[in-house]
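Starting from the given sequences, assemble the full structure and let the hints guide the process.
Residue numbers (the numbering used here), protein chains in the order written: chain A, 1 to 385; chain B, 1 to 290.
The reader is advised that the hints may include incorrect statements.
Chain B regions said to be covered by chain A (calculated; three or more residues, Cβ under 8 Å) [said to hold, decoys possible]:
{"id": "1", "segment": "36–48"}
{"id": "2", "segment": "152–158"}
{"id": "3", "segment": "275–285"}
Below, simulated BS3-like cross-link-like pairs (lysine-lysine); rule was C-alpha separation at most 30 Å, straight line [claimed, not checked]:
{"id": "4", "chain 1": "B", "residue 1": "K109", "chain 2": "A", "residue 2": "K350"}
{"id": "5", "chain 1": "B", "residue 1": "K107", "chain 2": "A", "residue 2": "K157"}
{"id": "6", "chain 1": "A", "residue 1": "K178", "chain 2": "B", "residue 2": "K107"}
{"id": "7", "chain 1": "B", "residue 1": "K107", "chain 2": "A", "residue 2": "K158"}
{"id": "8", "chain 1": "A", "residue 1": "K306", "chain 2": "A", "residue 2": "K60"}
{"id": "9", "chain 1": "A", "residue 1": "K197", "chain 2": "A", "residue 2": "K225"}
{"id": "10", "chain 1": "B", "residue 1": "K109", "chain 2": "A", "residue 2": "K178"}
{"id": "11", "chain 1": "A", "residue 1": "K361", "chain 2": "B", "residue 2": "K109"}
{"id": "12", "chain 1": "A", "residue 1": "K110", "chain 2": "B", "residue 2": "K23"}
Now the stretches of chain A that chain B is said to cover, found in silico as 3 or more residues with beta-carbon under 8 Å [as the list claims (entries may be wrong)]:
{"id": "13", "segment": "54–65"}
{"id": "14", "segment": "329–342"}
{"id": "15", "segment": "346–353"}
The hints are simulated quantities; they were obtained by calculation from the structure and are not laboratory data. Small disclaimer: the values here were computed from a predicted structure and weren't measured. Even glycine gets a Cβ: it sits at the ideal position worked out from N, Cα and C.
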Amino acid sequence: MRLLEFEGKNIFQELDIPVPERIIIKDVKDVSKAIEKLGLPMVLKAQVPAGGRGKAGGIKFVETEKEAEEVVGKLLESELKDHKVDILLSEEQLNIEREMYCGIVGDDEKGTPEIIVSSKGGVDIENIAEKDPEKIERIRVDPRFGLKPYQARNIAKKLGLTKGTFKSFSDVLFKLYKVFESYDAKLSEINPLVETKNGRLVAADSKIVLDDHSLFRHPKFQKKKSRHIENPLEREGSEKGVNYVDLDGSIAVMANGAGLAMALMDLISSEGHSPAAFLDTGGGLSEQRMKDSLTLLLRKAEKETKVKAILVNIRFMISPPDAMVKGFMDAIEEKKDVDVPIVLVVRGRKRYVEKAKKLLKGSNIDLFTDVKEGVKAATEQDSRR
Amino acid sequence: MGILIDSKSKVLVQGVTGRLGRKQTELMLEYGTDIVAGVTPGKGGEDVQGIPVYDTVNEALEHHDIDVSTIYVPAPYVEDAVNEAIEAGIKFGVVITDWVPYQDEMKIKKSAEESENFRYIGPNVPGITIPNEIALGMLSSPSVMTPGNVAIVSRSGSLTGEIAEELTEIGIGQSVVMGLGGDPIVGTRMVEAVKMLEKDDETEVIVLVGEIGGSMEEEASEFIREKGTKPVVGFLAGRTAPRQKKMGHAGAIVRGGKGTLESKIKAFENAGVEVAETIWEIPEKVERLL
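Now the structure itself:
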């Protein structure tokens, strides 16, 4: 999950990385308080979990109280980068001498954290890598030991930093690694890291991406995991721990495995039909999970009459089918007014497949043991209805 | 024969007393896998399906020869369990658990690299099976797999079994069926599996099942193009999937344009891999190459 800028800066502050004076604004009424604390001019920044906010009009410099109120009024409740803006961050305006970059990212391929720093910042690091590759330095560190202060100094030296800046840059970088480590981040980044005219280094922005698998160690954020998912069905899926993606077609697809669900989508597309939703049920065939999953698709069909069929593929590996069947039946019973055919393909361990067939006898579910036949049945329903 | 394991492999189950550990131990034994011991800290002295349970891996090793450990411990304890296996001198690990923290995966990977004689597959892997010889993990349905000369290597757990079953249904057997794991950082990457299969006499054709994201397919293709001698069929799930949300710019640099469907198809094609557009095309392509 991606943290908002102000949440990242609170973490920076907690770990002693210098950040601007700032205060949260949730209402036009908060403006006077902000001016009292920060003075004028100041900066107003929309808090949405997306990059490129400046270009999209989400970052404004204001010089008077009237101007501040106007901007706050306009930004709050507006939509920016597909997210509703409900929080602004107001900050002191920094006196910028130059902008630098430092970031720590997990490299999947090598399986190590990579430290990336640049004497140039404020723009996409991608652009710097392309245009000024000589301004970038990188090192990898052993994830078990982390970044050592001397390694931070070495990389700061390579950037050509001297005197006070050398010292404070390596210090910020060392602490940024602490953020990465102690919050189980996949990415922690300061861009730009501003050097002010009086020689102070300040993190003018923050970007922290937490690892969803580690949120059990960070309960404060666990509850917030799904907050920025704007589509209500997708948000509900995320809250229930199933992987739901809302799409635009007419056949809703579900399987117990992401690869299998993707392959099913590819199959119906290759037959000239299009998927209405993708759902990977995630781990295990528990009754609740099965019920939640099918309910999501039934609600999708309830909302959009263009959904003509639900295609489900369940592979039995280790769990018997009883809980799955019970979960499906409950979901169908609760949404019995939704008129959409359900095609179910069961495969895998033979004795579970046989048992599922027995348990589902007499139900409304259209049952198959061959993927081809299941796909055919679903696409025929789509063409017919 | 196959790779990494055979019918003589002696197996330990770490996390044997948990719900998943118990159930899978039962099914693996049913398949004929030679499970000799289990470990759950604090449960030493108990037994699961007649298999003795020990408190530590070292203790299990005092009483049994062990070649491989299958790991079912809950996600927060996986890093510890894998390190315990490495330090005890186990040679091969199968890490079934999913939702393992990302930074723990990095640490495991580093420890494994450093130890030099430890290899693992996973985390978040369905397992590895050599049909009619040994099954480790969830791929233990006898009806799904049959012995033969096609190796299946897959990033997707659910597709591993599906593709094996489709081949079995038309009478094509498998030398080995293995998952790599669905997480970004895995113990054995696709290219390493391909290198092992190149040396395996039982394997005539290799099926690689990839997905969008990451760079494993590109990396494997490079090896196949330069040194591969066996025919390979490649499949990529998610041709019609919506573009995944990018993680960030720093991440994008590291990945440097790799990971898209186009990049993977191109890599496969340049390496002479037969690309199946749907899972249905896999059996026919394999049949032609055998």
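Results of checking the hints against the structure:
1. 36–48: Per the Cβ count (0), the hint is violated.
2. 152–158: Contact hint for the segment 152–158 of chain B vs chain A: holds, 5 residues under 8 Å.
3. 275–285: holds (count 4)
4. B:K109 x A:K350: violated (36 Å)
5. B:K107 x A:K157: holds (28 Å)
6. A:K178 x B:K107: With Cα atoms ~16 Å apart, K178 (chain A) and K107 (chain B) stay inside 30 Å; holds.
7. B:K107 x A:K158: holds (27 Å)
8. A:K306 x A:K60: violated (43 Å)
9. A:K197 x A:K225: violated (39 Å)
10. B:K109 x A:K178: holds (21 Å)
11. A:K361 x B:K109: violated (48 Å)
12. A:K110 x B:K23: violated (34 Å)
13. 54–65: This one is violated; 0 residues, fewer than the three required, reach chain B with a Cβ under 8 Å.
14. 329–342: n = 0 at 8 Å, threshold three: violated.
15. 346–353: Our answer is that it holds, as 4 residues pass the Cβ test (under 8 Å) against chain B, meeting three.
Checked against the numbered hints above, the structure breaks hints 1, 4, 8, 9, 11, 12, 13 and 14 and satisfies the rest.
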